Amino acid sequence: KNQVEQSPQSLIILEGKNCTLQCNYTVSPFSNLRWYKQDTGRGPVSLTIMTFSENTKSNGRYTATLDADTKQSSLHITASQLSDSASYICVVSATTSGTYKYIFGTGTRLKVLA
Amino acid sequence: DARVTQTPRHKVTEMGQEVTMRCQPILGHNTVFWYRQTMMQGLELLAYFRNRAPLDDSGMPKDRFSAEMPDATLATLKIQPSEPRDSAVYFCASGLVGHSGNTIYFGEGSWLTVV
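Residue numbers (the numbering used here), protein chains in the order written: chain A, 663 to 776; chain B, 174 to 288.
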């Protein structure tokens, strides 16, 4: 069964600290993995997209890693800011004969405190 | 700045009423998605279209939900009759799927409350 599990469910950190969010998946056949940031009351915004051959991808203070062997991904946030407070959603897509399946994790709610 | 546009942003309706949500995808995108988000379930894919043709609507309750794409600039999601359990945020998203770096862009959502 295709599943995406994220941990932790929620996280509180102090401004300036680093944090790492986890995403484990059992999706086959794997196509790509995306991390989205969703501010409260807004639509999700793409942070990174990674294909099978990519191990690391950065977007500013956000760095995503992918281990296709263990089917794990992480999103590392460096020097957190108050504006990083949001939900972070991992999405894994599978493709079969041109049809895409998108499996969403339930997200990690991050709160950054001053 | 290209973006996915959804209307209405907020809707409160009585149980049994018909609700229609509209979406204008980003020009040139070949794939349009409808998602529903609740606190309990997170984001669920309801249906999606490729080049206006429905590809997958297995996530959508067929008895009351219908999704259409009458032209390349408009996608609709209709609920008839609506029920309180349909209360959620409905997101439309579009993307140029099948191409490298195929980012999917989300609209700001239609917040539906059925009382």
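Because the hints were derived from the structure by calculation, they are not lab data. In this text, all values refer to a predicted model and were calculated from it rather than measured experimentally. Backbone N, C-alpha and C fix where the C-beta goes; we use that ideal spot for every residue, glycine too. Hints are not guaranteed to be accurate.
Interface residues of chain B toward chain A, partial, derived using beta-carbon atoms under 8 Å [said to hold, decoys possible]:
| id | residue |
| --- | --- |
| 1 | M188 |
| 2 | V192 |
| 3 | P227 |
| 4 | D229 |
| 5 | G232 |
| 6 | D236 |
| 7 | F238 |
| 8 | I277 |
Below 25 Å or equal to it, Euclidean Cα-Cα: the simulated DMTMM-like pairs (lysine to aspartate or glutamate) are [claimed, not checked]:
| id | chain 1 | residue 1 | chain 2 | residue 2 |
| --- | --- | --- | --- | --- |
| 9 | A | K663 | B | D244 |
| 10 | A | K719 | B | E241 |
| 11 | A | K763 | B | D229 |
| 12 | A | K679 | B | E241 |
| 13 | B | K184 | B | D230 |
| 14 | A | K663 | A | E677 |
| 15 | A | K763 | B | E191 |
| 16 | A | K733 | B | D259 |
| 17 | A | K719 | A | D731 |
| 18 | A | K763 | B | D259 |
| 19 | A | K763 | B | E281 |
| 20 | B | K251 | B | E191 |
| 21 | B | K235 | B | E187 |
| 22 | A | K773 | B | E281 |
| 23 | A | K763 | B | E187 |
| 24 | B | K184 | B | E281 |
| 25 | B | K184 | A | E677 |
| 26 | A | K763 | A | D729 |
| 27 | A | K663 | A | D746 |
| 28 | A | K663 | B | D229 |
| 29 | A | K773 | B | E217 |
| 30 | A | K773 | A | D731 |
| 31 | A | K773 | B | D229 |
| 32 | A | K763 | A | D746 |
| 33 | B | K235 | B | D259 |
| 34 | A | K679 | A | D746 |
| 35 | B | K235 | B | E217 |
| 36 | A | K773 | A | E716 |
| 37 | A | K663 | B | D230 |
Practice item. Could you tell me which of the hints above the structure violates, numbers in ascending order? Key: Failing hints, ascending: 1, 2, 3, 5, 6, 7, 9, 10, 12, 14, 15, 16, 23, 25, 27, 30, 31, 32, 36.
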